[in-house]
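Those protein sequence lines, which keep their order, are chains A and B. Going left to right, the first sequence walks through residues 1 to 403 as our numbering numbers them. Going left to right, the second sequence walks through residues 1 to 403 as our numbering numbers them.
Careful: at least some of the hints might be erroneous.
As the list claims (entries may be wrong) - Subject to a maximum C-alpha distance of 27 Å in a straight line, what follows is the list of computed DSSO-like cross-link-like pairs (lysine-lysine): (1) B:Lys49 to A:Lys91; (2) A:Lys45 to B:Lys49; (3) B:Lys18 to A:Lys45; (4) A:Lys49 to B:Lys87; (5) A:Lys112 to B:Lys120; (6) A:Lys87 to B:Lys49; (7) A:Lys49 to B:Lys91; (8) B:Lys114 to A:Lys120; (9) A:Lys45 to B:Lys45; (10) B:Lys45 to A:Lys18.
Stated by the list, open to error - Derived coverage of chain B by chain A (criterion: at least 3 residues anywhere in the stretch with Cβ under 8 Å from a Cβ of chain A; other residues may be distant): (11) 59–65; (12) 70–80; (13) 88–99.
For the record, the hints were derived by calculation from the structure and aren't laboratory data. Where is the CB? At the ideal position from N, CA and C, for every residue including glycine.
2 protein chains.
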Amino acid sequence: MGIVVQKFGGSSVADLEKLEQVSNHIIYEYNKGNKVVVVVSAQGKTTNKLISEAEEISSDTNLRELDSLISVGEQITASKLSMLLNKLGYKAISLTGWQIPIITTNEHGNAKIKNINSDKILSLLDENYIVIVAGFQGIDETGEITTLGRGGSDTTAVALASVLDSEKCEIYTDVDGVYSSDPRIVKDVRKINEISYDEMLELSSMGAKVLHNRCVEIGKKYNTPIIVKSTFEEQSQGTRVDSSSIESHIISGIAKDDNIARITLIGLENVLGKTYQVFKLLSDNNINVDIIVQSFGETVSKDVSFTVKNSDLDKTMKILKENCEIVNAKEILSNKDFSKISIIGVGITNTPGVASKMFGALYDNKINMHIISTSEIKISVLVNSDEADLALNAIHKAFFGDK
Amino acid sequence: MGIVVQKFGGSSVADLEKLEQVSNHIIYEYNKGNKVVVVVSAQGKTTNKLISEAEEISSDTNLRELDSLISVGEQITASKLSMLLNKLGYKAISLTGWQIPIITTNEHGNAKIKNINSDKILSLLDENYIVIVAGFQGIDETGEITTLGRGGSDTTAVALASVLDSEKCEIYTDVDGVYSSDPRIVKDVRKINEISYDEMLELSSMGAKVLHNRCVEIGKKYNTPIIVKSTFEEQSQGTRVDSSSIESHIISGIAKDDNIARITLIGLENVLGKTYQVFKLLSDNNINVDIIVQSFGETVSKDVSFTVKNSDLDKTMKILKENCEIVNAKEILSNKDFSKISIIGVGITNTPGVASKMFGALYDNKINMHIISTSEIKISVLVNSDEADLALNAIHKAFFGDK
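If we strip away everything but chain A, and leave its shape as in the complex, we get (with noise of 0.2 Å):
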C-alpha cells in the first residue's frame, strides 16, 4: 500500500457536517492500509472575508502582512480536521506550511514552491498519523510566510504527491470531474474519465476552472496521477489526469475564452528580427499577447494579427503607436469583444477531419471566424462574442452528438 494525497476545497470544507463528509473519503483511504496525506483550503469564503477586512483598512495592501493574514485559513481547517479525526477515533495531526517546512520564492500571494522537506511528514506516516497540511501556504528561505495564489491548495497537493512520491493525487471538489465544455453553456456535456496532462493544461488555460494549470504543470513534470472527482456524490470515479490518454474520442474537450481583442499590424516590414522587436516591446510592457498569426502578403512586407485581453487594448494601442520607429506597419487595426473557442485533443491536428468538423459546424451557424491557430493538441478560433455560446453549442454538438 502506498501513500495517497487528497485535497479538499473550500466548499468541501465549509461546515462541521461538511468535515464529516470529508472524514468519510480520508478514513477509507486509510483503512484500506494506504498512508494518508490530506490537503485542506480555507472553510467557504474565509479568504475573501479576510482579504476583504484588509481591503477595509487598506486599498494598498501590504502584501507581507496579507499573506500572514490570509494563511490563517487554511490552518483552521487543518486544526479542525484534524481534532474531527482524533475524536472519530484516529490518529491525526495537522501541519502548517511553516511546520513541514514548504519553501517557496518571496513573491508574496504568488509564490512558486521551490523545495518541501518530506522528513517530518514520512515519519509521521510511519507513526501511522494521518496528515492534514494547511494547503496554499509557505515560507520563504527567511521564514516570511508566502502564500501560492490562484490554486494554491491544489499545487500544495499535487507538490506534496510528487515529492512523496504518492500513487495518486485526489483533488475533490465540488464537481464530479473535468467536463468536455462549460455545463453553464452547453447542454449535453460529457464527463471526462481520462485525459492527457497536456490536454488537461489546454483545457484549464482554456478557462475550465476545475485545476489550475500549476498544479498539472507538476503533475506532468514528476508524472503523478491526479484524480477530480466529487467529495459529496457516492460513487463519484471522477477524471483521471495522467500521461497516458487512451480516451476514446479524439476530442476531449472543448473551451471557451471571452473578453478579447484583435490587433492586425498592415505592412509590417518584413525583416529579421521585426516580429521579434515587436513582441518584445510588449513583453517589455507586461501585455501579455496570446494568439499570434502570421500570413505573408508580399515580400518586403507582411501582416501580423494576435489578440490580448479587451482590457489591455488601449494600453497596447498606445504602446505601438508611440514606438512606430519600431513596429513601422503602414497601418494597425483593431477590434474588440471576440470569444475564443478550442478543441482539445491528443493528436487533433494528425487526425483527418477534425479541423473541418469544426469549421462545418460554425458554417452551419454562419458564424464567421476571424483568426484560426492550431497546436499539436488543439485548435482555436476567434468568433464575436455575441456568438459565442451558439458556437460552443454547435461545435459540443458535431463532435458529441446529443446527449
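Dock chain B against the given chain A, drawing on the hints supplied.
Below, chain B without anything else, positioned relative to chain A:
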C-alpha cells in the same frame, strides 16, 4: 531613547476604529524616538469563538490542535495592525510566536516561556521597524504551536520587555489602572498610582483581574516596570508596578475572594511531621489549600484550620476521612460559603494600628471574623459570604474614607 513594549488586549483591538486608537499610542512612543515593540491579543471574542467551534467538533478537544487553532487569533490582529501602521506611513512588521521564536514548554494550553530569541526583533528595531508581536503563543522545542493560557498576552509582553531590557512594559486595557478594590462592589475606589510587584501579586491573586500573576512574577524577576493604563482615556496615567513603593497610602488595595470553605481538624496529634503529612496528603490529591491557621490547644494535641474552594470541599472531606490513620484527629468540622477579605500593602504588619482599624471596621458592622491570617504585606480575614460586600465597603471606608 530606549525600547518600549506596549500590549493591547482583546477589547482594545476589537475593530478597525479601535485599532486606529491603538495606533495613536504606538505612534506617540515611536515619534518620541523610542524603539517600539507591540504585543496584541486576538480581536474581541475571537478566541472564545474558536474554542466553541472546537467544542462543537469534540467535547474532548485535542489540546495540540486547539493551540494551533486558537493561535491564529493573535496572528490576525498583528497582521491587521501592521497593515494599518504601514498605511499611515510607518514601517511596521508583524511576527508570530514561531517567527521570533518564543520557545515554551510543551504543555498545550498552558505553556511556560523557556526562552526568547531577541535577535530578529533587535535587528528589525535597528532598521526602525515597529515590531508587532502576536501574543499568547510560542512553539516548543520540536516546533509544535503552544499557547500560554490565561493572561498569556500579558506574559508575552512582560517577558519580551524583560529580554529586550526595555525601559517599561505598558499594558493597555479598558480600565484606567489598578484600583484599591473592586469598583463593582465598593463605591469610592481609588486608583493606585504606584504599587510594588509583591503587592500586585497579592492583589491579583486575590481577585483583581487586571494583571495576571504570571506576568507580574516575570516583571519582578527581571525588574521590568509594568504600567497598566487605559487605551481609550487620553489622559490615563495608569498604575505603575515596579520594585519601589513610594505610595503614600500604607494600604494599596483591598480584595475579596468568594466561594471558600473552611475545614478544622480538632485535636490533631501534636507530633513532629503530622501537619506536613496531612497537607502532603491533600496536595497529592490535587487539593489546593489556601489559608492555614494552627492554634495550640493542649500539649499533646492541636487544632488546625484551613481553607479550600467550596467546590473542593466534598472531595477534601472524603480524603481526610478515608485516611484517618494519617489524619488521626478527634473531630473534623467543615463549613462553606465564606469570603476572604484581604488588605494589601508593603510593611502592613509592621505598621501599628492597621490590623485594629480593619478589625474595628468589621466590628462596627457586626461582622464576624472566622479566620485571621497575616503575612508581610497582607492581612486576610474570613467572613460569611453574605456579609462580604458590606465588609469590603466598611474596610475601604476605614482606610480611604468617602471619596
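Here is what the structure says about each hint:
1. B:Lys49 to A:Lys91: It holds: about 25 Å lies between the C-alpha atoms, which stays within 27 Å.
2. A:Lys45 to B:Lys49: holds (17 Å)
3. B:Lys18 to A:Lys45: holds (25 Å)
4. A:Lys49 to B:Lys87: Satisfied, since the Cα-Cα distance of roughly 20 Å is no more than 27 Å.
5. A:Lys112 to B:Lys120: holds (25 Å)
6. A:Lys87 to B:Lys49: holds (20 Å)
7. A:Lys49 to B:Lys91: holds (25 Å)
8. B:Lys114 to A:Lys120: Status holds; Cα separation ~24 Å.
9. A:Lys45 to B:Lys45: Answer holds: A:Lys45 to B:Lys45 is near 20 Å, not above 27 Å.
10. B:Lys45 to A:Lys18: Status holds; Cα separation ~25 Å.
11. 59–65: holds (count 5)
12. 70–80: holds (count 6)
13. 88–99: With 5 residues close enough to chain A, the hint holds.
Hint compliance for this structure: no hint is broken.
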